[in-house]
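Asks: Each chain is listed here by its residues.
Protein chains: 2
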Amino acid sequence: MIVALDAMGGDLAPTETVAGALLAKRDFGIDVALVGAPAAIRQELAKHGETPAGIEIVEATEVVEMDDSPAQAVRQKKQASINVAMDLIKDGSADALLSAGNTGAVMAAALLKLGRVRGVERPAIGAMAPFTDKGILILDIGANVDCKPSWLVQFGQMGSVYMEKVFGIVQPRVGLLNIGEEETKGNELSQEVYSRLQETSLNFVGNVEPDRVPQGVVDVLVTDGFTGNVAVKVTEGVADFIFSQLRKTLASRLHYKLAAAVLKPALTQMRSKMDYGEYGGAPLLGVDGAVIVAHGRANAQAIKSGLLRAREVASSGMLDALRGALEPSARDGAKGAAAATRSRDETRA
Amino acid sequence: MIVALDAMGGDLAPTETVAGALLAKRDFGIDVALVGAPAAIRQELAKHGETPAGIEIVEATEVVEMDDSPAQAVRQKKQASINVAMDLIKDGSADALLSAGNTGAVMAAALLKLGRVRGVERPAIGAMAPFTDKGILILDIGANVDCKPSWLVQFGQMGSVYMEKVFGIVQPRVGLLNIGEEETKGNELSQEVYSRLQETSLNFVGNVEPDRVPQGVVDVLVTDGFTGNVAVKVTEGVADFIFSQLRKTLASRLHYKLAAAVLKPALTQMRSKMDYGEYGGAPLLGVDGAVIVAHGRANAQAIKSGLLRAREVASSGMLDALRGALEPSARDGAKGAAAATRSRDETRA
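Listed in order, the protein sequences are those of chains A and B.
Take the position in the first sequence, starting the count at 1, then add 108; the result is the number in the working numbering.
Take the position in the second sequence, starting the count at 1, then add 108; the result is the number in the working numbering.
Worth flagging that the hints you see were computed from the coordinates, not collected in a lab.
Source: prediction; values computed, not measured.
Incorrect hints may appear among the rest.
Identical chains blur together in the list; that is why a pair holds if it fits in one copy or across any two.
Claimed, not checked - The list that follows gives simulated cross-link-like pairs (lysine-lysine, DSSO-like), each with its CA atoms no further than 27 Å apart:
| no. | residue 1 | residue 2 |
| --- | --- | --- |
| 1 | 293 | 186 |
| 2 | 242 | 356 |
| 3 | 242 | 133 |
| 4 | 198 | 273 |
Only chain A is shown next, with the shape it has when bound in the complex (with noise of 0.2 Å):
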């Protein structure tokens, strides 16, 4: 099993991805090739001493950088490091793909060199929201900002499978993120998918407000690319800022800074668990392989937990799932997969 690591992707790529990458092999035993400028990835490697076997280098002349236009600069950058690694899982050598370069840029080169899972209409980035102990997987976050009710069903049905397959959830718990309970509630589309989502064979538990996200009341949360990313990032902000004003106010008197010394390491681990990059990336869903996305401020330790989960998700059976519970839609639409969902349950009963 070998990880196919972008290591010139994200913010402090090469450095903490190289260091992420010796982690992963340190503690876990993982098989990384380490994909992009053979010179720069040397020179980080060699701070480390010397380099275990089954960390290999890829060489990658060019890199998608943050401002490019993602799906241009794949086309057009035959030789970025996040293509040379998405080849190496085309061609078998690797299993599983880990980046945290720009999100629309691995998406893009996944869709140009492995393509759709057969059946998926649109494949969705999901995030693994910090709420709940294993997490809650949201998706879509941000792929597909204008959706068609079946996309979002499939979202339903490609995050079950995901957090059943990965996480070992048994029947995992599907939500519809929506401003009320009722079936009634929402806009057009939040009401139709409800509806359609009823139809399905999927642990489907109504409408989740997203107030009660955090309640843990739900192992896949279904939305919009657009609301999810929005959700997502409300999240990511309200949490700086409440941790912010915690400093302020800990730093405001001195008997306060005398107690805040002492909670000093209680907050720093609070903090670090709301943080979605703690979680070990998101998975590109419906794609044509194990990929998966880590935060573009990912350190060591953020991307030695994505190769793990790049790993778990590979020899998870995930994707041969995914492939049993969508395949038919391609022919019936929603319902087919639906229906699908339903037999891969009475074979398994």
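Since chain A is already given, all that's left is putting chain B on it; use the hints.
Replies: Chain B in isolation, oriented as in the chain A frame:
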């Protein structure tokens, strides 16, 4: 200046509504018409000793319950407290209205009794986001879940007038809630609204990503009612989550408990600052009257703040300014409204 208070509206009515009215009278000299069941109101008033002059009771024999269908209840329960309170504005007996009842019912009653300001396509519900001293007005947060671009342009115009007149902000900064900074980012709706907002004479500062909102980069944040509702509820849910985690952490070890005891007043203050309900209530913008909605869980302090806000809105000239800014749009569309805003600016200059 008299403010009509829906004494029966809200989870804690009439106990907290009556107590709040008395606080508003005592602290700010606000005259309040308590609209509701006279016996229940008198019983609450009696708890506080002699009722001061300027606190009047206006009888209403029905109540819109939180689980009523808002629009239906307002139509069927003609003697509902919210309807009777709206009538007081309509006939000139009161200058403004505050309710902590079902927001949908308040909007329905306002539309039924007061109607829209001429030129307004869709009234909106605003909320004051608790990230800056003055607050950031987000609208719409739920009155309109499927929006046309022209409605969002008007939300920007109405929000700008509100923040200028009620908060004294010169040329309020108007931003569009979106998932990227660039003009080309977002869904179809946001791309179209972006280009239309640029054509107005508003102080439009462009797209604002959700995680930047708490930094106070705008005074008015325009969005559709679905996304706005999600953003507000995510904020509440994340704040609840963090503070409950904080409580658990602080209770987990003895030396944390001691530090927590020192910090408690500061943390309590921080928590209440993060509460949308503490900001004096949310305006209904575009209805032809000064109508403010308080949080459903509003206590006496929140009712007091809401009554003060209602009086401020009524005395601010906000409604006249709104008429001036929006009436031409009934004839010429958004462009006309823009021209009207321009000519208003020129008149002032």
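Asks: Which of the listed hints are broken here?
Replies: Violated hints: none at all, because every hint is consistent with the structure.
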